[in-house]
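Those sequence lines, one after another, are chains X and Y.
Numbering follows my numbering, in which position 158 of the first sequence is assigned residue number 174; successive positions increment by one, without gaps.
Numbering follows my numbering, in which position 134 of the second sequence is assigned residue number 161; successive positions increment by one, without gaps.
Please keep in mind that the hints were generated in silico from the structure rather than gathered at the bench.
For each residue, glycine too, the CB sits at the ideal point set by N, CA and C.
Among these hints, one or two may not hold up.
Which residues of chain X face chain Y? A few of them, derived with a C-beta cut under 7 Å, are [claimed, not checked]: (1) A25; (2) I27; (3) L59.
Here's the letter readout for the chains.
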Amino acid sequence: MSKGKNRDARINLAAVVLLLGMGLIAYRLVNLQVLNADRYEGLAQEQRLQSSDLNPRRGCILDNEGEVLAISKEAYSIFATPYLVEDVPSAAADLSLVLGKPRQEIEEKLRTPSGFVYLERKVSPDKAEEVAALGIAGIGLEKESKRYYPQGDLACQLIGFVGTDNIGLAGLELQYEEILAGERGEAELEVDARGDPIPGVTRIIKPPVDGSDIRLTLDSEIQFKLQEQLAVSVESSGAKNAAGLVMDCRTGAILAMATHPFFDVNRFASVDPSLTRNRPVTDAFEPGSVLKVITAMAALQEQVVTPGSVINIPPSIKMGEYEFKDDHDMPKSDLTFSEVIAYSSNLGTIKTAMALGKDAMAGYLEKCGLGRKTGVDFPGEAAGVVPQAKDWSLTTLPTVAIGQGISVTPLQLAVVMSAVANGGVMVQPHFLQCIVHPDKSTEEREYPSGERIVSENTAASLRHILGEVVRIGTGTRAATALFNCGGKTGTAMKPDPRGGYREAYVASFAGFGPSENPRLVAVITLDEPRTVYGGLAAAPCFSQVMEFSLQHLEVTPSLEKANTKDRVVQQ
Amino acid sequence: MGERGHARAEQPRGRRPPEALVEARRRAAEREARKNATFRPQGGSRVIPLKDRTRRSRKAGFTGTDYTLLAVVMLMSLYGMVMIFSASSGAALHNYGSSYYFIVRQAAWFGVGMVAMAALANTDYRKLLKVSPLLVAVSLAALAAVLLFGKEVYGSKRSLELGPLVMQPSELAKLSILLFAVSWYGREKGRLESWREICMPVLAVTAAACLLIILEPDLGSMLIVGLSAFAVLFLSHAKRGKIFALALAGMGLTAFFIFISPYRRARFIAFLDPWSAPREGGFHIIQSLLALGSGRVAGLGLGMSRQKFFYLPNAHTDFIFSIIGEELGLVGSLAVIALFAVFIYLGLKISRGAGDGYGRLLAMGITCLIGAQALVNMGAACGVMPITGITLPFFSYGGSSLVICLSLAGILVSVSRRGGTARPGMDRRKRRESGDMRRGNRRPPPSPSRGGRGARIA
Numbered sequence: 017m018s019k020g021k022n023r024d025a026r027i028n029l030a031a032v033v034l035l036l037g038m039g040l041i042a043y044r045l046v047n048l049q050v051l052n053a054d055r056y057e058g059l060a061q062e063q064r065l066q067s068s069d070l071n072p073r074r075g076c077i078l079d080n081e082g083e084v085l086a087i088s089k090e091a092y093s094i095f096a097t098p099y100l101v102e103d104v105p106s107a108a109a110d111l112s113l114v115l116g117k118p119r120q121e122i123e124e125k126l127r128t129p130s131g132f133v134y135l136e137r138k139v140s141p142d143k144a145e146e147v148a149a150l151g152i153a154g155i156g157l158e159k160e161s162k163r164y165y166p167q168g169d170l171a172c173q174l175i176g177f178v179g180t181d182n183i184g185l186a187g188l189e190l191q192y193e194e195i196l197a198g199e200r201g202e203a204e205l206e207v208d209a210r211g212d213p214i215p216g217v218t219r220i221i222k223p224p225v226d227g228s229d230i231r232l233t234l235d236s237e238i239q240f241k242l243q244e245q246l247a248v249s250v251e252s253s254g255a256k257n258a259a260g261l262v263m264d265c266r267t268g269a270i271l272a273m274a275t276h277p278f279f280d281v282n283r284f285a286s287v288d289p290s291l292t293r294n295r296p297v298t299d300a301f302e303p304g305s306v307l308k309v310i311t312a313m314a315a316l317q318e319q320v321v322t323p324g325s326v327i328n329i330p331p332s333i334k335m336g337e338y339e340f341k342d343d344h345d346m347p348k349s350d351l352t353f354s355e356v357i358a359y360s361s362n363l364g365t366i367k368t369a370m371a372l373g374k375d376a377m378a379g380y381l382e383k384c385g386l387g388r389k390t391g392v393d394f395p396g397e398a399a400g401v402v403p404q405a406k407d408w409s410l411t412t413l414p415t416v417a418i419g420q421g422i423s424v425t426p427l428q429l430a431v432v433m434s435a436v437a438n439g440g441v442m443v444q445p446h447f448l449q450c451i452v453h454p455d456k457s458t459e460e461r462e463y464p465s466g467e468r469i470v471s472e473n474t475a476a477s478l479r480h481i482l483g484e485v486v487r488i489g490t491g492t493r494a495a496t497a498l499f500n501c502g503g504k505t506g507t508a509m510k511p512d513p514r515g516g517y518r519e520a521y522v523a524s525f526a527g528f529g530p531s532e533n534p535r536l537v538a539v540i541t542l543d544e545p546r547t548v549y550g551g552l553a554a555a556p557c558f559s560q561v562m563e564f565s566l567q568h569l570e571v572t573p574s575l576e577k578a579n580t581k582d583r584v585v586q587q
Numbered sequence: 028m029g030e031r032g033h034a035r036a037e038q039p040r041g042r043r044p045p046e047a048l049v050e051a052r053r054r055a056a057e058r059e060a061r062k063n064a065t066f067r068p069q070g071g072s073r074v075i076p077l078k079d080r081t082r083r084s085r086k087a088g089f090t091g092t093d094y095t096l097l098a099v100v101m102l103m104s105l106y107g108m109v110m111i112f113s114a115s116s117g118a119a120l121h122n123y124g125s126s127y128y129f130i131v132r133q134a135a136w137f138g139v140g141m142v143a144m145a146a147l148a149n150t151d152y153r154k155l156l157k158v159s160p161l162l163v164a165v166s167l168a169a170l171a172a173v174l175l176f177g178k179e180v181y182g183s184k185r186s187l188e189l190g191p192l193v194m195q196p197s198e199l200a201k202l203s204i205l206l207f208a209v210s211w212y213g214r215e216k217g218r219l220e221s222w223r224e225i226c227m228p229v230l231a232v233t234a235a236a237c238l239l240i241i242l243e244p245d246l247g248s249m250l251i252v253g254l255s256a257f258a259v260l261f262l263s264h265a266k267r268g269k270i271f272a273l274a275l276a277g278m279g280l281t282a283f284f285i286f287i288s289p290y291r292r293a294r295f296i297a298f299l300d301p302w303s304a305p306r307e308g309g310f311h312i313i314q315s316l317l318a319l320g321s322g323r324v325a326g327l328g329l330g331m332s333r334q335k336f337f338y339l340p341n342a343h344t345d346f347i348f349s350i351i352g353e354e355l356g357l358v359g360s361l362a363v364i365a366l367f368a369v370f371i372y373l374g375l376k377i378s379r380g381a382g383d384g385y386g387r388l389l390a391m392g393i394t395c396l397i398g399a400q401a402l403v404n405m406g407a408a409c410g411v412m413p414i415t416g417i418t419l420p421f422f423s424y425g426g427s428s429l430v431i432c433l434s435l436a437g438i439l440v441s442v443s444r445r446g447g448t449a450r451p452g453m454d455r456r457k458r459r460e461s462g463d464m465r466r467g468n469r470r471p472p473p474s475p476s477r478g479g480r481g482a483r484i485a
């Protein structure tokens with residue numbers, strides 16, 4: 017019987033061991049599911065709860081007629097959860113076929129020891145569908161939006177671009193980031209181990225607020241014309257680059273602004289950064305004779321001269337070490353002040369400036385806003401450099417009077433020209449016309465009217481003088497067929513970075529039209545053209561752009577033709 | 028060796044009958060014994076006339092069936108199927124295009140398993156013991172075939188595909204090794220003194236099966252197969268020292284197998300400290316713990332598991348227990364433990380009430396096999412044991428596993444139906460008086476305590 021008991025004992029022992037094991041598991045379960053439940057539940061939630069950003073729609077950029085310049089399109093990013101991809105080489109081969117990327121590169125990404133890696137950002141919905149159709153485990157799609165610029169190279173430097181995260185990085189996209197971006201929403205969703213949302217448990221914590229559209233003052237047609245004409249000018253003059261802008265002289269609304277060469281905005285990020293500069297705003301240059309407008313404005317306002325004052329033009333003026341000359345022959349030795357400006361006589365202008373005096377000249381430069389940013393709504397504006405009055409040497413006044421030794425931006429010139437065209441009042445240049453909120457309500461932008469810098473009479477006299485520039489002077493090629501225009505040519509030597517000047521010129525023309533009731537100002541600059549004179553190189557472009565723009569805006573052609581093409585006096 | 032025993036038992040008769048006669052008498056006695064074996068009065072207190080017992084014939088229908096056991100087994104299988112559906116529907120839809128992919132298959136296998144269980148419950152387990160060498164041979168052949176023609180999944184070949192059927196021979200190997208061990212250790216009761224008796228042929232065959240399984244490789248199944256043979260040996264009369272030595276050797280071998288394979292080594296290290304590599308080795312353990320913890324007391328609700336969304340790999344097979352804990356909470360997981368505890372208790376009862384030594388060994392062997400497998404599986408889910416990839420009996424998805432588990436349950440029922448009274452000691456004595464004497468000790472004596480001395484009474 018002892019053996020029987022022994023065996024009973026072993027059977028009992030086995031059962032006891034098993035039941036004890038069950039008890040141990042039960043104890044462990046209480047520990048896991050009651051005592052430490054918080055910890056494990058927290059970890060489980062942490063790994064599957066994903067607070068995901070709900071991307072708002074980024075606002076569009078529109079021109080003044082509602083034409084779309086920038087829009088966000090649906091796009092998909094393709095990502096991988098590498099440890100879920102079973103057959104890496106074949107997956108990489110399939111994906112490389114669809115995505116058109118090297119197999120090697122994809123395979124490397126699929127082997128990264130992380131839970132998430134992007135294979136390609138922002139592909140079209142069609143491509144995304146193809147990838148989904150491959151049905152590879154561990155490969156996922158993420159809906160995103162991609163910025164698209166339907167007009168290609170139109171206003172390319174102006175619009176700027178956004179990064180892969182849809183944040184504006186340059187141009188107006190950067191300037192109006194806050195308005196365009198909207199507010200990100202937040203959703204709490206639970207995702208499975210592959211990163212797909214678990215159905216039915218997504219909670220939106222905060223809905224996204226779509227960005228607002230911005231409507232610019234830009235006019236696509238004028239912009240197109242400006243770009244076209246800049247290209248023509250560059251072609252014919254061999255300039256390195258060219259810049260121009262068209263602005264409403266009454267309001268400061270910029271209708272067009274361009275820098276040649278152009279590029280497709282959709283490829284912004286891959287373009288040489290030097291090409292992406294919006295030169296009329298960001299690059300100051302020595303304007304040369306165009307600046308005589310300010311000298312004349314000051315002299316007329318301070319009544320140093322009248323348009324009819326006769327000024328004797330000497331062969332040269334010597335100031336200390338330096339001898340000033342006119343760089344082209346004047347038709348006669350006694351010129352009226354009008355003719356001094358019209359023929360762009362350096363010596364006549366210098367004599368006038370000397371009469372005006374250093375303080376008055378410096379005061380008007382200041383009044384005209386040179387050396388200060390205009391405050392245009394564009395990032396990276398240059399202020400230009402104006403020598404401080406206390407630092408002026410003997411030669412500074414004559415040099416500045418003819419637009420050398422001082423740098424301005426084309427936009428600053430446009431603002432000065434606006435004041436002339438406008439009866440003496442400055443304007444605030446701007447791009448933004450209004451904000452169109454997602455609910456279609458609009459918010460107009462108000463711009464302060466600038467201060468008066470000269471009297472209406474002075475402005476009128478100066479307009480007449482600038483009209484003479486086009487009728488008989490250096491700017492005859494700026495004349496249009498239908499409109500009387502005024503303006504000033506500029507041919508400036510470029511400063512040598514090593515000091516002094518070099519044999520390279522900037523040809524420019526700044527003007528307005530129509531003269532009797534000015535509507536637009538336009539500034540054209542050509543960098544290092546073969547034909548150096550502003551009147552030859554830049555004026556024709558001005559003529560084309562101004563005529564087209566005025567016609568496009570349905571401005572009544574000038575009834576009394578003063579300096580239209582048929583009235584121009586060729587020398 | 029059994030034959031030698033019978034020969035010795037003949038000697039006191041003084042006259043040796045012709046071999047043929049001896050054989051004929053032995054067969055007749057066996058037939059008789061088989062007829063009588065179904066005797067099992069319900070409830071120990073009921074008195075059955077001696078005459079009835081001596082003339083008892085095989086009881087028809089379900090008489091003597093342990094209904095509690097049947098109920099427990101059914102509950103476990105159905106509970107399992109509900110949870111399999113919950114755990115697998117997402118993965119099934121994702122991978123096979125139908126939420127019902129796994130559950131339909133499991134239900135079909137459940138049907139097959141029920142038939143097997145019914146058939147085995149109505150079969151005398153001693154017949155099974157007799158055919159066990161054949162079963163072992165089939166198992167070994169199937170295991171060899173797996174190595175040659177098996178279907179490779181996650182780097183190991185564990186199953187054979189026969190048309191639409193997928194079978195895991197290691198499951199069959201468990202059952203046949205268990206039966207074979209019982210048939211030998213039961214026969215050798217009381218005389219398991221030399222290593223040779225212990226090893227040949229049971230441990231040799233077990234070792235062969237284990238070798239074939241470890242080559243798949245499937246360490247978990249190998250351990251269970253080894254354990255089933257060892258459990259039977261433990262329950263038999265082998266000396267404690269030898270059992271202890273064998274256990275040590277087994278553990279040493281297991282450790283050896285763990286440490287020669289980098290993959291298993293990593294898993295074992297991950298078991299010791301899962302948080303050291305939460306993305307690699309520790310991933311399964313951690314995800315299982317997160318599932319259980321998320322369930323808390325009441326659970327997230329049926330079908331509401333989050334971990335089944337690909338966090339917990341093999342949610343419907345190896346980690347069904349974690350999903351139960353997540354969806355039904357502590358209540359659900361303790362219910363599983365309770366069901367297994369009842370199963371173990373019933374197994375113990377059946378073992379103690381078994382009609383003969385084979386029945387005792389068989390019932391407790393089956394109980395140990397199922398119980399140990401459940402412990403290893405649930406232990407892995409709770410992070411108290413390394414993950415070995417074996418199924419939770421009755422619960423996990425897997426046709427072979429379910430059919431074999433139900434078959435084992437069927438054998439258990441068969442033992443219960445052919446057992447003695449609830450008081451085993453008395454039963455043994457009565458059987459000795461009524462049955463053994465008449466049987467003339469031609470068959471292996473049913474009582475381990477009296478085995479060697481049956482002849483004296485005759």
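How the hints compare with the structure:
1. A25: Check failed: Cβ of X:A25 comes no nearer than 10 Å to chain Y, outside 7 Å.
2. I27: At about 5 Å, which falls below the 7 Å cut-off, the nearest Cβ of chain Y leaves the hint on X:I27 intact, so it holds.
3. L59: This hint holds: X:L59 lies near chain Y, its Cβ roughly 5 Å from the closest one there, short of 7 Å.
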